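Undergrad: Which chain is which? The protein sequence lines are A and B, in order.
Counting in our numbering, the first sequence runs from 2 upward without gaps.
Counting in our numbering, the second sequence runs from 2 upward without gaps.
No lab work stands behind these hints: they were computed from the structure.
Do not rely on the hints blindly, as some may be mistaken.
Pairs involving identical chains hold if they fit within one copy or between any two copies, as the list cannot separate such chains.
Said to hold, decoys possible - Below 35 Å or equal to it, Euclidean Cα-Cα: the simulated DSBU-like pairs (lysine-lysine) are:
id: 1; residue 1: K22; residue 2: K248
id: 2; residue 1: K23; residue 2: K248
id: 3; residue 1: K86; residue 2: K26
id: 4; residue 1: K316; residue 2: K112
id: 5; residue 1: K316; residue 2: K86
id: 6; residue 1: K106; residue 2: K349
id: 7; residue 1: K338; residue 2: K26
id: 8; residue 1: K338; residue 2: K23
id: 9; residue 1: K4; residue 2: K248
id: 10; residue 1: K54; residue 2: K4
Keep in mind the model is a prediction, meaning the values are calculated, not measured.
Number of protein chains: 2
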Amino acid sequence: MVKIAVLGHGVVGSGVMEVLKKNQKSIERKTGQTIEAKYVLVRHDYDVDYKEKFVQDFDVILQDPEVSIVVEVMGGVHPAYDYVKASLLSGKNVVTSNKELVAVKGNELLKIAREHNRNFLFEASVGGGIPIIHPLHACLAANQISEIAGILNGTTNFILTKMIKEQMSFEDALALAQRLGYAEKDPTADVEGFDACRKICILASLAFGRHVYPQQVEVEGITRITPEDVAYAEDCDSVIKLIGWVKRNFEENTIVIRVCPALLSTDSQLASVDDVFNGILVRGDITGDVMFYGKGAGKLPTASAVVADVIEEVKNPENIATMYWEDAPDHYVVDAKTAVLSYYVRAKVLDTKRATEIAEKMFGEITVLSRKGQPEDEIAFLTPETVERTLDDTLAKFQSIADAKLLGLIRRLDY
Amino acid sequence: MVKIAVLGHGVVGSGVMEVLKKNQKSIERKTGQTIEAKYVLVRHDYDVDYKEKFVQDFDVILQDPEVSIVVEVMGGVHPAYDYVKASLLSGKNVVTSNKELVAVKGNELLKIAREHNRNFLFEASVGGGIPIIHPLHACLAANQISEIAGILNGTTNFILTKMIKEQMSFEDALALAQRLGYAEKDPTADVEGFDACRKICILASLAFGRHVYPQQVEVEGITRITPEDVAYAEDCDSVIKLIGWVKRNFEENTIVIRVCPALLSTDSQLASVDDVFNGILVRGDITGDVMFYGKGAGKLPTASAVVADVIEEVKNPENIATMYWEDAPDHYVVDAKTAVLSYYVRAKVLDTKRATEIAEKMFGEITVLSRKGQPEDEIAFLTPETVERTLDDTLAKFQSIADAKLLGLIRRLDY
Chain A
2 MVKIAVLGHG VVGSGVMEVL KKNQKSIERK TGQTIEAKYV LVRHDYDVDY
52 KEKFVQDFDV ILQDPEVSIV VEVMGGVHPA YDYVKASLLS GKNVVTSNKE
102 LVAVKGNELL KIAREHNRNF LFEASVGGGI PIIHPLHACL AANQISEIAG
152 ILNGTTNFIL TKMIKEQMSF EDALALAQRL GYAEKDPTAD VEGFDACRKI
202 CILASLAFGR HVYPQQVEVE GITRITPEDV AYAEDCDSVI KLIGWVKRNF
252 EENTIVIRVC PALLSTDSQL ASVDDVFNGI LVRGDITGDV MFYGKGAGKL
302 PTASAVVADV IEEVKNPENI ATMYWEDAPD HYVVDAKTAV LSYYVRAKVL
352 DTKRATEIAE KMFGEITVLS RKGQPEDEIA FLTPETVERT LDDTLAKFQS
402 IADAKLLGLI RRLDY
Chain B
2 MVKIAVLGHG VVGSGVMEVL KKNQKSIERK TGQTIEAKYV LVRHDYDVDY
52 KEKFVQDFDV ILQDPEVSIV VEVMGGVHPA YDYVKASLLS GKNVVTSNKE
102 LVAVKGNELL KIAREHNRNF LFEASVGGGI PIIHPLHACL AANQISEIAG
152 ILNGTTNFIL TKMIKEQMSF EDALALAQRL GYAEKDPTAD VEGFDACRKI
202 CILASLAFGR HVYPQQVEVE GITRITPEDV AYAEDCDSVI KLIGWVKRNF
252 EENTIVIRVC PALLSTDSQL ASVDDVFNGI LVRGDITGDV MFYGKGAGKL
302 PTASAVVADV IEEVKNPENI ATMYWEDAPD HYVVDAKTAV LSYYVRAKVL
352 DTKRATEIAE KMFGEITVLS RKGQPEDEIA FLTPETVERT LDDTLAKFQS
402 IADAKLLGLI RRLDY
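Pulled out of the complex, with its shape left as it was, chain A reads as follows (with noise of 0.2 Å):
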């Protein structure tokens, strides 16, 4: 018998403790163990079946040495911090779903792990249902990992799958997707990148073995991508997704990394992820690209991969000493504006011909776009791939030579 306690009884908390009494069975069929959770911390009491396990001081958590492993799913750093940090101390092995918690204080807590020869696991911190933390780890560890691009955020994909499917808006389709509980009221982490920014912190940090906060990370979000901009990409048989991506300069042990929107060919495996699913896509020396694909978010996937995580620490209590990653040296992130990739430029002109041909002058070789209903003072295109701080400086020049104001401005990355 294994005695767990879950923190937090929310969404993915109940969730936790509705899968391990639904899979009981078959989890102990699995594990040889019968897994209980001897307590749940709540901030205050109300009406399941099981309130009897409920708690509210920690201390009586922390105090008990039944207790074997400790399930963080309060999120937020403060005070989930706190609890897992002493946890850790006190010989408890942790799992957690808290993405910013693993984001902005991974580094430390597996380092209190090691040292105190327990586990820190957080499969349900990126991709939700989706297998990709221990994959990452484990079966792709033959391989050096040069780049990992993904659809992180369940709820953005779903609001810019409404736009390129129906021809939404943003606003209508962000208004769907609240209606439908796949928003939340206040949308600003999911639509403004930030949700998308941690999980690429934590696969960043994972496979390359250097911490990166949340902070280093240059984010966009998808507020000003409009429908034009989706009518143009299907010109050149794109789509617009936001993407995490990082990249990895193996000669100068540095990081390139960036949340943004972005154009993506319609043949790239990522492009096909819709809805709330989300897509990572892991880039290997030797295996080449591996893709996974799921369920990114949600009660159920979530829990899933968070009592998956449990099982593992009931098979292993002690310490898998290879999931770690260190402070990172200083100048580890480099600038994102040193990558080289090719822009999406929309813009009002004056003269759509002349515009067009001082595109072609300063750009090079552009890809036209064109669009229904395309008024004659608007103009669009693709420009060739160049390092991104060039095109800046030449996107400047361009608006003011060519009397153009700019509208849309979308990265296409070669996924």
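Given the coordinates of chain A, work out where chain B should sit on it, guided by the hints.
TA: Structure of chain B alone, referenced to chain A:
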């Protein structure tokens, strides 16, 4: 220092040697150990820069207590089976990429491994470089898996992709695959579905805990698929893929398992798995659909999976007791014709209008399909979903009553 022996030096064996050398440092960092291939078992000597490792007598490896891990990449059941069994019996851990061996002898070898507290790992046997065996076993452990469906053979997927995207005939696409080295001179194992069959057997055995033998599976290859079928599929927004699939009946503790070409909606994640890539969709009760995508074959992708298993065994030399399945009870695999599905039917008829009316009467609500260049005496349609055995009966009657000569018959699957 961990010493291993590699049995076989074909495509995969030489790939394993290459990966161990190329990523030696990063593997050392991940395991805290140096991994050295002490022996490579070959049939005859030839010139490579590590030919001092070549041995032709397996007993040299078996008798050497320094060798703690045996990597079997010879293929075929004999003598691979004898070598693997002897290795496990003498206390060595084993890694294999040999799908035939696992599909035919998995239950026996896993039992020996367990009894001798050793591991028998086979990540590379399905999906090449795609992490699937371990995620299915560990990361989805909180789930009860209900279905698995996969594009498990890169050669046939390449051929079908060429037929779909470039309107090639089967024969031309096969010839191209052979020229490019994707298909063997004798392509039987691929195009007749035998390779995919071994792989779905392994996945079914692992996911449901009961051994399924290849000869228990109904297998149909892609040799009868024509460009006409591809064109009709397009008319109902579908593509034709070779799918290995298995469905579990929880109540009766039985499974339905089959390998066959199938129409899949273009909305399906599997539909966009093209060329030599593989995709495996796993349906769990908690996490819903999860898909794994990547290169399903080839020297380095397969070697990547083999070396990942070696790393796993270096980290966990003792038996992972839960990676295990047992012999199946009688009648565990039930007649695949009990599945409920829809048929795509193409037939030559005397009178199109009359035949369509008869089809409507006999099958129920059919979806009539059309294609460019459709001859006047040809009809094609989709039947409603029905138990397959009933569909067979109706189809036989339809042919006789409507004077129809069957030209094409493909299952439609809902993944």
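Undergrad: Run every hint past the structure and note whether it holds.
TA: Here is how each hint holds up against the structure:
{"no.": "1", "hint": "K22 / K248", "result": "between (41 Å within a copy, 24 Å between copies)"}
{"no.": "2", "hint": "K23 / K248", "result": "between (41 Å within a copy, 20 Å between copies)"}
{"no.": "3", "hint": "K86 / K26", "result": "both (32 Å within a copy, 32 Å between copies)"}
{"no.": "4", "hint": "K316 / K112", "result": "both (21 Å within a copy, 19 Å between copies)"}
{"no.": "5", "hint": "K316 / K86", "result": "both (22 Å within a copy, 26 Å between copies)"}
{"no.": "6", "hint": "K106 / K349", "result": "neither (45 Å within a copy, 68 Å between copies)"}
{"no.": "7", "hint": "K338 / K26", "result": "between (52 Å within a copy, 31 Å between copies)"}
{"no.": "8", "hint": "K338 / K23", "result": "between (49 Å within a copy, 31 Å between copies)"}
{"no.": "9", "hint": "K4 / K248", "result": "between (41 Å within a copy, 34 Å between copies)"}
{"no.": "10", "hint": "K54 / K4", "result": "within (12 Å within a copy, 50 Å between copies)"}
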